[in-house]
Amino acid sequence: MSKLLQRLFGRLPIGWLQLTHKRGRFAAALAGVAFANVLVFVQLGIMNAMASATLRPYAFFDADIMISAGDANALNEGGNVARQWMLQALADPDVIDGTGLFVGTAPWDRGERDVSFSTIGIDPSRFDFLSDGLSPDLDLLQVKDTAILDRLARGLPRDETASIRPQTPLRFETQDRTITAVATFAGGGGFGGDGYMLVSDQTFLAMFPARRSSAPDHILLRLRPGADLDATLRRLRAQISDHSLRIRSLSDAGAEDLRYQQTRRPTGIIFGFGVLIGVLVGLVIVYQVLSADVADHLREYATFKAMGYGPRFFMGIVVEEALVLGLLGFVPGLIAGTAILTLMGKMTTLPLAMTPSMAGMVFVGTVLFSALSGIFATRRLTAADPADLF
Amino acid sequence: MTSEPVVHMQGLNHWFGSDDARKQALFDINLSLPRGSFTVLMGPSGSGKTTVLTLIGCLRAVQEGSVQLLGHELNGASPAQLTALRQRLGFIFQAHNLHESLTALQNVMMGAQVRAGVPDALARRAAARALELVGLSDRVEYLPANLSGGQKQRVAVARALVGNPALVLADEPTAALDKDSAADVVDLLKRLGAERDTTTLLVTHDNRILDRADRVLTLEDGRIVSGND
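Quick mapping for you: the protein sequence lines, in order, are chains A and B. Using our numbering, read the first sequence as starting at 1 and increasing by one per residue. Using our numbering, read the second sequence as starting at 391 and increasing by one per residue.
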């Protein structure tokens with residue numbers, strides 16, 4: 001390491017020698033950098049998980065356009081949309097198909113805790129609006145009070161969901177009804193609920209008696225192949241006279257939902273701040289270590305200054321130290337961060353994982369912010385006045 | 391000694407503090423150090439001898455008067471010029487001021503590499519040779535913590551001399567040493583200086599050193615009171 005640095009800098013790697021001279025302090029400094037890395041990794045992991053958990057239900061649907069109420073910031077929020085607007089939209093030459101979509105939250109009281117299902121209700125004759133591969137058993141939902149359950153739902157033991165088949169269904173109480181789970185699909189817990197449940201629109205309306213079939217929560221539209229999505233959206237916005245409605249592509253609906261979760265919901269804001277705090281903690285730790293190190297070596301630096309070394313030499317030492325701390329602190333940070341994210345993912349069933357892009361981003365950030373701390377710390381070098389040595 | 395002196399100081403005045411607290415530390419100092427000479431500057435503490443040393447060593451800005459160092463006027467020189475000139479000097483301090491994280495060899499290399507463009511291998515050889523000259527070839531890879539006080543000061547001497555400086559400035563180099571080590575260090579400075587035609591200015595109030603000097607200057611209350619030509 002020392003040899004490598006020596007070749008790299010074309011001088012003795014004084015920063016490295018200085019750092020490794022006090023092993024205890026060096027280890028503590030690396031642990032500090034690693035800790036800051038773990039903080040950032042966990043927060044970023046949660047933010048990533050929030051993004052994929054928020055976007056996942058939008059992937060359940062096979063549609064081009066989603067019409068929602070003006071206050072429907074998320075799938076399970078806000079008011080409903082009158083079915084008449086769907087009929088008007090279908091009058092557009094490029095809109096070939098449409099259906100209403102119901103979304104409601106149904107808790108299953110399992111004694112020690114409720115498992116809350118984001119329940120999605122859709123007309124069984126319009127199951128073509130559900131993505132291929134979501135479940136091969138959608139037809140079974142034509143029977144009233146049947147459901148397809150999310151086998152990845154948080155709080156549902158895997159062995160309990162594994163045995164759910166049409167021949168061996170699972171019955172449970174929710175919304176004052178007995179629902180029969182006849183099959184399962186892979187959803188996954190999100191931030192709005194523990195998991196998902198697919199039902200027919202009739203089952204949904206029975207579960208949620210206050211809802212009306214004339215007013216679904218969202219309307220899904222499909223366009224003629226080759227139709228211009230943006231142009232159709234513009235036409236629909238002009239034709240539909242209720243201007244409070246949000247008429248947007250399905251992917252935009254997901255993106256707006258995510259933006260809402262990240263910037264206006266407390267959870268998103270908290271995790272955003274978490275990243276900021278992780279960065280600040282790292283910055284302060286590296287700055288503290290480096291400025292203490294500069295203060296400890298003022299006498300040596302003053303000596304070097306007297307010998308004729310210039311300001312760039314000292315800057316080089318401090319930045320060298322910052323880079324060593326950043327690079328070497330990142331490795332244990334990455335290992336610990338991966339372990340913690342994996343563990344948290346197992347516990348929450350949130351899609352928490354270390355991704356290469358996250359690791360790359362944090363690595364670049366660590367090196368950059370370490371160098372920045374180093375540059376701050378060099379300001380203390382001016383205190384090294386060789387005239388004081390005599 | 392016909393050649394131009396290494397240091398030529400004329401009409402030098404120096405003050406510390408500002409405004410009302412301003413106090414004159416040096417009064418009309420005239421002083422010349424011929425090439426190859428070994429000069430001892432004596433005087434009680436507070437007499438201004440260290441100030442003279444730091445002014446010659448380009449560590450303080452000259453306020454009034456003229457200091458010619460190696461043919462360069464220091465009065466009005468820029469910080470970069472002063473830094474460049476310092477690279478041609480050798481400093482020895484009261485404390486050894488070795489870097490605790492560097493081995494004896496690496497400490498001496500720092501003296502060899504201060505001028506840009508000195509290759510690593512060359513600096514290493516020069517440093518090893520300098521340590522040999524001060525009798526420490528068997529301590530090359532030692533950290534300062536594992537050397538005795540006299541050995542550390544000898545490493546400091548090697549660091550000061552490794553770049554073949556034109557002028558060595560030593561400030562009380564023997565103050566922290568016992569009698570034998572002190573004599574060793576001064577003899578070393580004297581002998582190596584003579585071999586290389588190096589000019590030496592040594593500040594001390596250690597009387598044991600006086601008999602080794604070519605010339606002894608005495609400073610009192612900011613004025614040279616004896617020894618000047």
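Hints listed in this document are in silico derivations from the structure and should not be mistaken for laboratory results. Incorrect hints may have been included.
Stated by the list, open to error - Ranges between beta-carbon positions, derived for each pair:
(1) A/25 x B/434: 41 to 47 angstroms
(2) B/565 x A/367: 51 to 57 angstroms
(3) B/474 x A/345: 55 to 61 angstroms
(4) A/25 x B/522: 30 to 36 angstroms
(5) B/566 x A/343: 54 to 60 angstroms
(6) B/586 x A/361: 53 to 59 angstroms
As the list claims (entries may be wrong) - To give a feel for the contact side, a few chain A residues facing chain B, derived at Cβ under 8 angstroms:
(7) 4
(8) 12
(9) 18
(10) 127
(11) 133
(12) 270
(13) 299
(14) 309
(15) 382
Unchecked claim - Chain B residues, not near chain A, derived (Cβ > 10 angstroms throughout):
(16) 447
(17) 478
(18) 491
The model shown is predicted, which means the values in this text are computed figures rather than measured ones. Positions of the beta carbon are idealized from the N, C-alpha and C atoms, including for glycine.
* Okay, which hints does this one fail, numbers in order? -> Violated: hints 2, 7, 10, 11, 12, 15, 16, 17, 18.
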